[in-house]
Amino acid sequence: MTVDAVMEFRRRDARDKLTGRTRYTIDRAAPGMLHAAVLRAEVASGRLVTVDTSKAAALPGVRAVATAADAPGRFGIGVSDHSLFADGQVRYVGEPLAAVAADTPEQAQAALAAIEVAIEPLPAVVTMAEALAPGAPLVHPDWQDYEVLPVGGARAGNVAWEATVVRGDVDAAFARPDVTVVESTFRVGRQNHMAFEPRAVVARYEEDRFHIETSTQVPWTIRNATARFLGVPASQVRVTVPPVGGAFGLKFDVAIEPFAALLAKKSGRAVRLVNSREEEMLTCLFRENAEILIRSAVTSEGEIAGREAVVLMDCGAHGGEQIFLTTMTAHTLGGNYKLGAVRLATRAVYTNTPPNGAFRACNGVYNTFALERHTDEIAAAIGMDPLELRRRTVLGDGDLGATGQVFEGDVLRPMLDRMEALRARTTPHEVDDGRLYGRATTVGTWFVFTGPSAATVNMNADGSATLVTSGVEIGSGSMMQGLPQIVAATLGIRPEDVIVRQADTDAAGYDVGVGGGRQTTSLGAASLAAAQDVRAKLLAFAAQLLEATPDDLVMANGRIEIAGPNGKGFTIAEVAARAQAALGPIGGTGAATRTGVPSMPGCVAGHFIDAIDIPVFAVHDCEVAVDRDTGHVEVLNYRVVQDVGRALNRSAIGGQIQGGVVQGLGYALHEEVSIDALGHIRQCGFETYRVPLAGDVVPVEVDLFEGAPSLGPLGIKGAGEVPILNVGATVACAVANATGRRVQELPLTPPRILSLLLGREPDLALPHIQPAFADNLLRPHGPEV
Amino acid sequence: MPTDMTVNGEARTSARDPLTPLIDVLRDEFHLTGAKPVCREGFCGACTVLVDGEPTVSCLTPVAMAGDCDVVTIEGLSSCGLTDIQSRLEQGDAVQCGMCFPGMVMTLSHFLAHTPQPNRDEVRAALTGNICRCTGYERIVEAALAVAGGRAEGRR
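The listed protein sequences derive, respectively, from chains R and A.
Using the working numbering, the letters of the first sequence map in sequence onto residues 1 to 785.
Using the working numbering, the letters of the second sequence map in sequence onto residues 1 to 156.
What the hints contain is simulated information worked out from the structure, not anything from laboratory work.
None of these values were measured; they are calculated from a predicted model.
Here a beta-carbon is modelled for each residue, glycine too, at the ideal position from N, C-alpha and C.
Do not take every clue at face value.
[What the hints assert, rightly or not] Just so you have them, the derived chain A footprint on chain R, three or more residues with Cβ under 8 Å:
no.: 1; region: 17-29
no.: 2; region: 162-169
no.: 3; region: 242-250
no.: 4; region: 394-408
no.: 5; region: 599-611
Just chain A, with the same shape it has in the complex:
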């Protein structure tokens, strides 16, 4: 049975078996390779996408569960340039191999939208489901705090 959904603002239909992991539909059927299948057991967070606005590990989500949902992948996060968190990560020289960042960015975008002024521990806790093997996290945490700091500046 085909699955209808909205992906990055466009109506899409997957012909795959309903139990196919969403990540495989996104990558193999829709050619959106930004989300990465790294652990395929929901631990690393590299495949995180937004499903109806919620960060979701697409490796453990059968495509049927995304039926009639609004799916946003890293490719659809911004239509004009980098978002604040992406800019801060770029400026902060945070990126190394880069495989974890599509998922990191999705998680942090959602987190910063819902927690406008987080402290360091809150950022660290928000990253529990997103593993990075290269960077040792510090610059990612700093970038998230810088986004929050920039917002505070903007309000003054």
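Same shape as in the complex, but just chain R:
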């Protein structure tokens, strides 16, 4: 059976959002609700001597106080290095020390002020260079005692995780007489999501269970992490998720939920906890800052005989998402191009800074920046047009990826052709106004984070269907468009007749969460399977009614009929009602998980995903004008050719591309996070952290590339995450072309541009990355021994 779920279906939540009726977590309240607040450390490193809450607990209105003693457990995505409260040692400015709940927010704040804290300062490592220096103080002196998931990443001291890839003989490639060796270094800062809804939670403790209502992308992570921290069975935690006011990866990890849960249990009351904007900035789970060395051996024909790279990722005080993300170097910086031999080392490094996390396309964004700028430097070194170099070397059908996975289909090369056609439709912008003009085209490789998803579809006797999953509507529209479209198309009903249940861990099965481009693909695969289950049951029952076989029937436009002209049949509602009476209500379940595309044995160590199930490619192009006097970069036009597999809803995808590109423009040009020598984040709000405004942006020209192979349901791929992937790269390459200067850092703020133009920007040296690849490793590449 083929399902055609392609529709221009408008989202059902728009009206309430436009009229202010949508109730996000921050808009929710409960009778007798208390207000919570969290006391946070003001030093980056120290020994926690005292947290005395006795005076605070005695203040009027204070109903509960919690400290480290109440939350004995540890949690972590790869390494359980995260305690809910500082556990004898303070590791970053902003680390929680205690939490209180009181009748009013003012009383809660007064209670925080009354908590007596003594911290004995210790030396801090604020940068990765400091953290990797010989004899550096350890952020986690007890790192060897932590529980580690059984994946063999090397760890030691301030290196939280080290993942390596080795394929082929790189030394031999670099020793070839016919190659030119090109070496580039790059550095990027952190990026703040600035999701409009801060992390927010309302928690209750009822019938010996926690009910956590929260603004999250990952209800099951919240369930499991809360249970770990509090030392209770996960089955005692229920998580429900109202509409989420923006996330972008920020809410892909546990945040403040366990504090509210703990205080709700202690007080016996509902507890509301909402981060202030300052707390959001302080504990942002940023896209991490990173430092990269990349070196290639390339022939005059553009063949990349060998490539090696070292990537340092700052995970902050906990390993968090970065430990997992070390995996993605292989598939991004190691992507895009055919490589003869390759070796990559990615090191997640602990520092005494606020923990980092996930942000739309994560390290793919800066790895693509590094790779594409490096590619342009290669083109210059061998005297080849950068576009020609890309045409010759991009991954094609049957080519090997960095980890030895075999890519299927020619995708990037025809996408480059499509970009050329798209570009030909607009005339270059260049005018003689004294500004420097430049243009660039880049390519990028990303993936869909497949993994377990579950769905149930209940067929109602009125002809509607209810889809139950752990999916969350974070704004992307997948719950409003893609998923109901898939179910509707499978069942032959209208998408508006598919009721979509928002996440409730008591109602739906496990799901990894909403992120990594997986919502319409993984949840979609599970939803498709569940709907097909229902379809088969309805067809079988209808076949009995019609004295036909299911194969004789068509199920479309709200009816099940015998195929052919004037075919006898019933409405689907009628079949569902009669089936309900005869057999009981009709329902179906579906599940999906990783397919598990193979890598080459022995190529990877310490990776969570050795090969990517669903690659997603992107080609971006833009033109910039650089003002020599002010250093301001204006993006004049922007174009995207995106590999979507199959576009279920072109309007929805278009909205994601415009939004993702604009977030990328902020990252490329002016979203800057800086950390002072004492470990404080300097940007504390919208005034100091500059996100794109309406006047900064251009309409993005979009061409959706369909038909590339995909293991996704109905041939689709994730489309919402990838639009940000090569924006930093494209702007950087265009600025380098405009100015003739070596762009090695992002963001390209006016001061940095002026410094480049005036020749005052020193070439980026990264002395804490060793020149010889092997000297960067904790242990030689290979399986854990």
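Keeping the supplied structure of chain R fixed, place chain A upon it in accordance with the hints.
What follows is chain A alone, placed relative to chain R:
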């Protein structure tokens, strides 16, 4: 001292301290949660309401400043269905997370009432005080231009 005001056409009295931000009175005392406290420093515009017809960031407005004023929030913008700009935003598939839209709609309603035939740059300039983190603005600008275009159609 209590503060009297008209909110969405009804006489209301706030018992809060006069320096309480208007947004907290609207949300916590009057349970009008449409306006969103996002930055609380007047930069993002998500808390925009009309005070005596003027778009005002309610996070930086002490409730006393709204005393005896006519306050209109997103909930009170229209008594019958969607306004033109809301319809265009819905039709244009402009909404994503939606947190900025209550403020966007208030700003654009006022702008379009006073600038019936704006050009693209004027719309972009009018949105300077309203940040959107999801959409990249383009569809919001298009919706505003479509409202103006629809009016021009209507006159012909």
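Do the hints match the structure? See the list:
1. 17-29: Three-residue rule met by the region 17-29 of chain R, so holds; n is 10.
2. 162-169: violated (count 0)
3. 242-250: holds (count 6)
4. 394-408: violated (count 0)
5. 599-611: violated (count 0)
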